[in-house]
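Based on these hints, arrange chains F, Y and H with the ligands on the given structure of chain X.
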Amino acid sequence: MSQTTFAQAINAALSEAMRLDPGVICYGLGVPDPKGVFGTTLGLQEKFGPERLFDMPTAENAMTGIGIGAALYGLRPVITHQRLDFALLSMDQLVNNAAKWHFMFGGQRSVPLTVRMILGRGWGQGPTHSQNLQAWFAHVPGLKVVMPASAEDAKGLLLSAIFDPDPVIFLEHRWLHNMKGEVPAGDYRLPLGKAKTVREGKDITVVSMSYMTVEAIHAADYLAAQGIHCDLIDLRSIRPIDWPTIEASVCRTGRLLVLDTGNLTGSVSGEVVARIAERCWDALICAPQRLAMPDFPEATSPALTEHYHVRAEHVAGRIGTMLGRPVDTAPLAGQRSHPHDVPGDWFAGPF
Amino acid sequence: MSQTTFAQAINAALSEAMRLDPGVICYGLGVPDPKGVFGTTLGLQEKFGPERLFDMPTAENAMTGIGIGAALYGLRPVITHQRLDFALLSMDQLVNNAAKWHFMFGGQRSVPLTVRMILGRGWGQGPTHSQNLQAWFAHVPGLKVVMPASAEDAKGLLLSAIFDPDPVIFLEHRWLHNMKGEVPAGDYRLPLGKAKTVREGKDITVVSMSYMTVEAIHAADYLAAQGIHCDLIDLRSIRPIDWPTIEASVCRTGRLLVLDTGNLTGSVSGEVVARIAERCWDALICAPQRLAMPDFPEATSPALTEHYHVRAEHVAGRIGTMLGRPVDTAPLAGQRSHPHDVPGDWFAGPF
Amino acid sequence: MNPNTAKALLNQMKRIRFVEAEIARRYPEGKMRCPTHLSVGQEGVAAAAGLALRQDDKAVSGHRAHAHYLGKGGNLKAMLAEIYGKATGCCQGKGGSMHLIDESVGFMGSTAIVGGTVPVGVGLAYGMKLKGSSQVSCIFHGDAVLETGAFFESANFAALKQLPVLFLCENNLYSVYSPLQVRQAPGRDIASLVAGLGITVDRGDGNDAVSAYEKISKALAEIRAGGGPRFLEFSTYRWLEHCGPNFDNDIGYRTEAEYLAWKAKDPVERLQAALLADATMNADDVARMDADIKQEVDAAFADAEAAPWPAPETAYTDLYANPWAGAA
Amino acid sequence: MNPNTAKALLNQMKRIRFVEAEIARRYPEGKMRCPTHLSVGQEGVAAAAGLALRQDDKAVSGHRAHAHYLGKGGNLKAMLAEIYGKATGCCQGKGGSMHLIDESVGFMGSTAIVGGTVPVGVGLAYGMKLKGSSQVSCIFHGDAVLETGAFFESANFAALKQLPVLFLCENNLYSVYSPLQVRQAPGRDIASLVAGLGITVDRGDGNDAVSAYEKISKALAEIRAGGGPRFLEFSTYRWLEHCGPNFDNDIGYRTEAEYLAWKAKDPVERLQAALLADATMNADDVARMDADIKQEVDAAFADAEAAPWPAPETAYTDLYANPWAGAA
Ligand SMILES: Cc1ncc(C[n+]2csc(CCOP(=O)(O)OP(=O)(O)O)c2C)c(N)n1
Ligand SMILES: Cc1ncc(C[n+]2csc(CCOP(=O)(O)OP(=O)(O)O)c2C)c(N)n1
Ligand SMILES: [Mg+2]
Ligand SMILES: [Mg+2]
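So the sequences go chain by chain: X, F, Y and H. If you read the first sequence in numbering that gives the first Met the number 0, its first letter stands for residue 0, the second for the next number, and so on. If you read the second sequence in numbering that gives the first Met the number 0, its first letter stands for residue 0, the second for the next number, and so on. If you read the third sequence in numbering that gives the first Met the number 0, its first letter stands for residue 0, the second for the next number, and so on. If you read the fourth sequence in numbering that gives the first Met the number 0, its first letter stands for residue 0, the second for the next number, and so on.
Hints are computed from structural coordinates only; laboratory data are not their basis. Worth double-checking, as some hints may not be accurate.
[Unchecked claim] List of simulated lysine-lysine pairs, DSSO-like, C-alpha gap at most 27 Å:
no.	chain 1	residue 1	chain 2	residue 2
1	F	LYS46	H	LYS128
2	X	LYS46	Y	LYS262
3	F	LYS34	H	LYS160
4	X	LYS34	H	LYS130
5	Y	LYS262	F	LYS34
6	Y	LYS128	F	LYS34
7	Y	LYS30	X	LYS46
8	X	LYS34	Y	LYS30
9	H	LYS262	X	LYS34
10	H	LYS217	H	LYS130
11	F	LYS46	H	LYS130
12	X	LYS46	Y	LYS160
[Stated by the list, open to error] Covered by chain Y, according to a simulated footprint, are these stretches of chain H (three or more residues, beta-carbon under 8 Å):
no.	segment
13	64-74
14	124-134
15	140-153
Using N, Cα and C, we set each Cβ at its ideal position, and we do this for glycine too.
For reference, chain X alone in the conformation it holds in the complex (with noise of 0.2 Å):
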């Protein structure tokens, strides 16, 4: 174990799938390229070749067919958008032909894709690079969606998603890329569609996940200090959503507030309220809530973003509230050194 980041856990785990399994490619825009992918995927044409690593013109949705047809010869393809947002050219292969392969044709064979996506956020990223349209990929069925928020899950989410044998899409937030942790060496996996409990505490359950578990995190330590205990679950699979561990929380609780990195209306936090309500009525003490992002793109303009994002002192003062005990925020926000538009000051641009 040694510490790594987020991006190198994603390059380890890239190394150790292609290692393993010489079915393993990987491309995309920019793939080989010197950055790298942020990079996620530095060295590995050298290690492994430029057959099963390599770039790609822009051509998003011929180079989703493309990852299907190769599954379906046997490789395990895993392809990567810079953004999202450019991956909305794929949703017909997407979701027309990964997601029903399996189905349509009577369970004869699987496409086991993998389909990273970074989400952008900040330094002017706008409207059109920094979406997060989980809520879209969790609602098609056939599809799995994973959304890490450690280097660690990372690394043992990525390798899992490439050696399943169904289509999956890899969320990877930007603001992610550069945070360390301990990250287990070599053929590491974690098993898909389980969440993680990362603060215990009796007081409410927080659903999070992706980069608003750091931001939770921030909330349930600073809550921790005032007396008041989160049980914080880091959701980390989106498609399909660990439901017992979430209903085993409510139950304990009885509080539920759902984080999410997405626009509110049909966001997946309205899927966890709305099961909830559903199924733990009985255990609910008070009206289940959600913070996400508001109905809007997010803007260029710093000046625009600022109060944009759902922080820390926001999760704090939520929580303060649905408790009936109001808790100062202000340090929280506080603490923060770097401006608010960069994940640190690491990040000085241009993208």
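For chains F, Y and H with the ligands alone, coordinates are given in the frame of chain X:
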């Protein structure tokens, strides 16, 4: 007023819009062909000429972008997809351009585009000709989404959609095309964003959309005869949703059942349940519930669709359970005279 | 041409014709409850390609795939059962006419979205190239596919990587009820356009099964020799309506005269006449061939009709190869 | 060429160069907080097109659009303010460098998805044709756009309907860090490919602004005469990194030598030298031109820096032109 079919109502709305404004153009694959998109576009090319109503190459993505450009030039394009499933090819233009143009360019120019998508069902439409992805569109800031359930609403909402300055997704269910209703003549418009209470009752709020409203009406009328009175709200508009109407109803009834034509997980029904759980917590006297398609694509064989869809008997049965008053639903199913996989005896394939 | 090959070609075309005609005849019974696109008139290319391809070559196709599936050697019983929605269907009733598959003979799947299998076929070829296989991936498609972005993106990649792909375009002049002139620019020539992508192209008469077989065989040999992708455009004509069992020359999108002119080029008649003329076959041979086909097809229909329905709960199986508790 | 036109061309190229260089110089200050793709080295086509187009002609572009916007006559102050994220920006801070618009001069918008404005430009032209206007819709795009399905689908429609579209391709050999040979088939020629779609094409040297202007003017005249769409491919080269203010010849995707060879073809230097050589201008004229530009640009930067931020609540405005209660 005269009895016309849903398809004729759409035809009348298109005709009226094209008559009122020379900037209205209609196109899409097969729009001027002898079948005229299930009759909805018949006769219009003769009336308005081949420059305003025309066929298209199989190019769903470009055809959407072309509509955006034409709209920016001042036209009011109406695009038609014979199946929603084909429109998956156009998500980039729809979401990255149409939905965001007005916002990302600082409100300078809106995109008065109407996109008709037909929702298939039954007669072996199968996995890629029967998708109901309204949850996707409802999740996208910048789009408006309507799903009429009656001929009158089809006309009123389509005219409003066409003359609305924003992009509107108009989802029309294939099983509604032959349903008849009274339809006002001329330039009849209904406001976008307003639900319609189609049955009034104090026992439970039932929220529905599109073809599910037809099943819900059967169920509500059947239950009424047994002394159970539903407040049946036909959403009509999926984005925005008419929250005041739903909230007011739930405050009266204390119970909520939401019906959806889409796959359950991540559906619009989840958003409705979540929002009402958050906002009407104190009014709810039992767990809100949903009935939607299972989380599987619609298979092709009639043997596999027979129990797949939610029908009036399921709605009635669930309402009985929610009220603690078991209901005998067999007579409801028994009322249907035609095979389960067609909307009526008039339908005998092939598509 | 080798007489056995010629007879095999004729046999396959007749078989396809017979199957399709029988589907058309029975469709109004209302037992085949799915959209069904017939290939009557277009048997030539399917039979030629099926014969020219090796069994371990792969093929994909679109909505009008019965002929391609049968040509490639796909199981007739499984296809008919699928169209009838039965448990013994090639997709166990999940896919219907527009989703055919028989991996045992390399028919990897046909789907209902126009252009949707083009990149899939190219991806299969990427696998072949990576694994150093001598297989070819054959992509059957219509003229409308040349309007889709998916085709261009895919063809560019096939050319870029010099993949073993055979693009087989059946240009039947129509997309549903829309003639070429409302879809493609005047004077545009499909094959030349593709040549511009860096792909070697050829054209042929799809109603001349023998020459189609020769052109396809030549292209396959070149592809196997490492020559990269090939694109072949064959002219042909669909006799029946776009979808369904009827003739529709009366509804106005094409003329009876046009139909009759193409019908006169009937690929089945043409080859049969040639084989009779040069005495490769005699009238008895033909009668025997017809009878054998009729017997096979009638039996397959009987099988399909008699086959069991899929169990209702299988509507909820096979969504994932590796499902989790609660999903199947 | 008319000396005034030549001087205008030089002036516009210098102006674009100066703006871009100044953005590059100031970018590390961290006040322009958005992805920014500079056009240094590629001023020729933008200036030529801007001058050749009528003001009421429309133009759209992609991620690297500063030069096109300025060439078309877009408001410099509004552009810089936008890049600085200010309320006075051309999108009021909502769009940033990748979203420029100035409808008053027909610049209808640039967006960040490669190929995304191609169909939009074609749709504008459909409007022109329907309304019988003599306008032209100019679509600026890079070489990577020739890989996108959106381009082919759109170009086919433009050819089919004979629309007044000018496709202006700046082929700078790269898409981000990827050279043409990893993206397009060997021997494939962009312009010939487009010709196969049924569109009249031409090629030119994008570093020769005068000849670019002439070719564009000729194409525009033909389009206005009802000749249908035209496609022009100009060779050019981006000097700086793909996105951001730095040189990046050191990171390995291209060589310093290649860069130097292209730099030697500098379109600004080239025209300036020619105008000095034939005495259309003298050194004083050049100095005055430079000084005027510097003054304009410095003032615009000062303006942008001094401009107010957009009010935070405007993050939630302008989503809909016709909002409902609760949405803005
Ligand atoms: C993306 C998409 N758009 C539209 C359709 C509707 N559609 C079904 S078949 C067809 C015609 C295709 O024509 P062609 O490729 O020439 O094949 P043919 O039917 O002539 O054999 C169309 C447009 C579809 N299935 N998919
Ligand atoms: C659909 C899509 N895929 C990928 C990207 C990432 N991307 C941004 S700019 C660019 C390069 C485009 O190259 P080209 O069109 O030649 O323009 P240039 O940058 O050379 O001016 C790419 C691939 C994108 N913005 N959109
Ligand atoms: Mg055709
Ligand atoms: Mg380029």
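At least three residues with a C-beta closer than 8 Å to a C-beta of chain Y: is that true for the segment 64-74 of chain H?
violated (count 0)
Can the restraint linking LYS34/F and LYS160/H be considered satisfied, given a maximum Cα separation of 27 Å?
Measuring from Cα to Cα gives roughly 23 Å; hence the hint holds.
Would you check the hint for LYS30/Y and LYS46/X, treating anything up to 27 Å between C-alpha atoms as holding?
violated (57 Å)
Between LYS46/X and LYS160/Y, is the straight-line Cα distance small enough, at 27 Å or below?
Holds - the C-alpha atoms of LYS160/Y and LYS46/X are around 20 Å apart, at most 27 Å.
Compare the distance between the alpha carbons of LYS34/X and LYS130/H with 27 Å, and conclude whether the hinted pair is satisfied.
violated (48 Å)
Hey, LYS217/H versus LYS130/H, does the alpha-carbon distance stay inside 27 Å?
holds (23 Å)
Tell me if the straight-line CA distance from LYS262/Y to LYS34/F falls inside 27 Å.
holds (24 Å)
So if I understand the rule, the pair passes when the alpha-carbon distance is 27 Å or less; does LYS46/X with LYS262/Y pass?
Since the Cα atoms of LYS46/X and LYS262/Y sit roughly 59 Å apart, the hinted pair is violated (cutoff 27 Å).
Within 27 Å, alpha carbon to alpha carbon, are LYS128/Y and LYS34/F?
violated (45 Å)
Given the hint that LYS46/F pairs with LYS128/H, does the C-alpha gap stay at or below 27 Å?
holds (19 Å)
Against chain Y, does the segment 140-153 of chain H show at least 3 residues with beta-carbon separation below 8 Å?
n = 7 at 8 Å, threshold three: holds.
Distance restraint between LYS262/H and LYS34/X, which requires alpha-carbon spacing of 27 Å or less:
Cα-Cα ~24 Å, so holds.
The structure does not agree with the numbered hints 2, 4, 6, 7, 8, 13 and 14 stated previously, though it agrees with the rest.
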